Amino acid sequence: MTPSLQRYHSLSIVLHWSIALALLFMFASGLYMVNADISKADQYRVFQIHKASGVVILWALILRIGTRVFTQAPALPDSLNPQQVFKAKLGHIFLYVALVTMPLSGWLMVSASPFGLPTFVFVDWIKWPHIPGVARNKTLQVLANNVHWITAAILATSIVGHVGAFLWHKKKHNINLISRMWWNKK
Amino acid sequence: MKTPVNSSFLNRTFSMGMLMSFFIALYLSLATTVVQAELKSSHQSGSVAFSGQHAGMNFEGKFERWEATLTLPPQSNPSIIATFYMSSAKTGDSIYDSTLPEFDWFDVENHALGKFVSTKIEMTEEGYQVLGDLTIKNITQPVNFMLIDSQDQLSTSFGINRLDYKIGWESDPDAEWVSKTIFISMVINK
Numbered sequence: 001m002t003p004s005l006q007r008y009h010s011l012s013i014v015l016h017w018s019i020a021l022a023l024l025f026m027f028a029s030g031l032y033m034v035n036a037d038i039s040k041a042d043q044y045r046v047f048q049i050h051k052a053s054g055v056v057i058l059w060a061l062i063l064r065i066g067t068r069v070f071t072q073a074p075a076l077p078d079s080l081n082p083q084q085v086f087k088a089k090l091g092h093i094f095l096y097v098a099l100v101t102m103p104l105s106g107w108l109m110v111s112a113s114p115f116g117l118p119t120f121v122f123v124d125w126i127k128w129p130h131i132p133g134v135a136r137n138k139t140l141q142v143l144a145n146n147v148h149w150i151t152a153a154i155l156a157t158s159i160v161g162h163v164g165a166f167l168w169h170k171k172k173h174n175i176n177l178i179s180r181m182w183w184n185k186k
Numbered sequence: 001m002k003t004p005v006n007s008s009f010l011n012r013t014f015s016m017g018m019l020m021s022f023f024i025a026l027y028l029s030l031a032t033t034v035v036q037a038e039l040k041s042s043h044q045s046g047s048v049a050f051s052g053q054h055a056g057m058n059f060e061g062k063f064e065r066w067e068a069t070l071t072l073p074p075q076s077n078p079s080i081i082a083t084f085y086m087s088s089a090k091t092g093d094s095i096y097d098s099t100l101p102e103f104d105w106f107d108v109e110n111h112a113l114g115k116f117v118s119t120k121i122e123m124t125e126e127g128y129q130v131l132g133d134l135t136i137k138n139i140t141q142p143v144n145f146m147l148i149d150s151q152d153q154l155s156t157s158f159g160i161n162r163l164d165y166k167i168g169w170e171s172d173p174d175a176e177w178v179s180k181t182i183f184i185s186m187v188i189n190k
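As they're listed, the protein sequences go chains C and W.
Numbers 1 to 186, taken from the working numbering, label the letters of the first sequence in order.
Numbers 1 to 190, taken from the working numbering, label the letters of the second sequence in order.
Simulated from the structure, these hints should not be mistaken for laboratory data.
These figures come from a predicted structure and were not determined experimentally.
Careful, some of the hints might be misleading.
Claimed, not checked - Below, a list of computed lysine-lysine pairs in the DSS-like style, where the Cα atoms sit at most 30 Å apart:
1. K51(C) / K90(W)
2. K40(C) / K51(C)
3. K137(W) / K120(W)
4. K166(W) / K40(C)
5. K166(W) / K51(C)
6. K166(W) / K138(C)
7. K62(W) / K51(C)
8. K127(C) / K90(W)
9. K87(C) / K170(C)
10. K138(C) / K40(C)
11. K137(W) / K138(C)
12. K51(C) / K180(W)
13. K180(W) / K40(C)
14. K138(C) / K180(W)
15. K40(C) / K90(W)
16. K127(C) / K166(W)
17. K166(W) / K180(W)
18. K137(W) / K115(W)
19. K62(W) / K40(C)
20. K127(C) / K180(W)
21. K137(W) / K40(C)
22. K138(C) / K90(W)
23. K62(W) / K127(C)
24. K137(W) / K127(C)
Produce the entire structure from the sequences given, and follow the hints as far as they go.
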């Protein structure tokens, strides 16, 4: 009999924590570039870094979802009741939808922007294209901007719920869910 | 036995030589003046550059392809005609260089050429006071500038309001990011 799977695929683990760190940077840079009292030059530079990082995160998410689909996930602990399992799955769906909506809405916003500035992904030879057919569409840009902000709030709430659920299960049921997303000691 | 030297013959020959030399020098001098009367220049022998500010940062670029023909006073019918290829504008910054050819900026797809045609040129102590029409994106506006004549160069620098030519008209009409004034400078090596 094969032992039950204890953790996610290594690539999933790497991507999970990398995306988590990247999201912290994106929240910080997004709030900073819009709200901080900084020079136009600094604001412009942070905008370009934020855009380029968003493209990298979008690709990381695609890889993450692909890895999730094509590799086996560890089963949830038996001690969780069906309602908790349902909530966990619903929470993850929220997380995934919000995670994907963030870069997509950002991409739409940049593509529809009246500035029409291109996105170079940190180097001059990787130019991320604009979504065709939406150039200089102010209505779409405003819509995408609103979606970006609302989704950011939903995503932040989902992440708090995600971390909160881990802490709650750890404290209340002594279940260490984080071991599913890290390399176990043999 | 020595042949007697005919000094009159020698003098005549010498004078003829002097005269020939004079005419050759005169011809060469006139030829040079004719060349200078209509001075042809291009990106190979000079530069047409532009500069401004974006997000408070200075930027500058140049047209990598342009041609100009100058006929300057005291020649009759003085004129300056310059043509520059808008798609050849380069700053060295990937974001700017990708944005400049677009519809709202230089719109190179529909307006491949920019053109300057002088309407009046007056000689001054420093060089030439030039009045003319600058056409970009099919919009013509009057400009005037001082063309400074140094020993081996003609040079000028003057500002234009980019909004007069509908450059960045939709993107940044309030010059929140890109300065309204864009300086154009030209150096022509004689």
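Consistency of the hints with the structure:
no.: 1; hint: K51(C) / K90(W); in the structure: holds (23 Å)
no.: 2; hint: K40(C) / K51(C); in the structure: holds (16 Å)
no.: 3; hint: K137(W) / K120(W); in the structure: holds (23 Å)
no.: 4; hint: K166(W) / K40(C); in the structure: holds (23 Å)
no.: 5; hint: K166(W) / K51(C); in the structure: holds (28 Å)
no.: 6; hint: K166(W) / K138(C); in the structure: holds (18 Å)
no.: 7; hint: K62(W) / K51(C); in the structure: holds (28 Å)
no.: 8; hint: K127(C) / K90(W); in the structure: holds (17 Å)
no.: 9; hint: K87(C) / K170(C); in the structure: holds (16 Å)
no.: 10; hint: K138(C) / K40(C); in the structure: holds (22 Å)
no.: 11; hint: K137(W) / K138(C); in the structure: holds (23 Å)
no.: 12; hint: K51(C) / K180(W); in the structure: holds (26 Å)
no.: 13; hint: K180(W) / K40(C); in the structure: holds (16 Å)
no.: 14; hint: K138(C) / K180(W); in the structure: holds (22 Å)
no.: 15; hint: K40(C) / K90(W); in the structure: holds (23 Å)
no.: 16; hint: K127(C) / K166(W); in the structure: holds (27 Å)
no.: 17; hint: K166(W) / K180(W); in the structure: holds (11 Å)
no.: 18; hint: K137(W) / K115(W); in the structure: holds (10 Å)
no.: 19; hint: K62(W) / K40(C); in the structure: holds (24 Å)
no.: 20; hint: K127(C) / K180(W); in the structure: holds (28 Å)
no.: 21; hint: K137(W) / K40(C); in the structure: holds (28 Å)
no.: 22; hint: K138(C) / K90(W); in the structure: holds (28 Å)
no.: 23; hint: K62(W) / K127(C); in the structure: holds (23 Å)
no.: 24; hint: K137(W) / K127(C); in the structure: holds (27 Å)
Consistency with the previously given hints is maintained throughout, with no hint failing.
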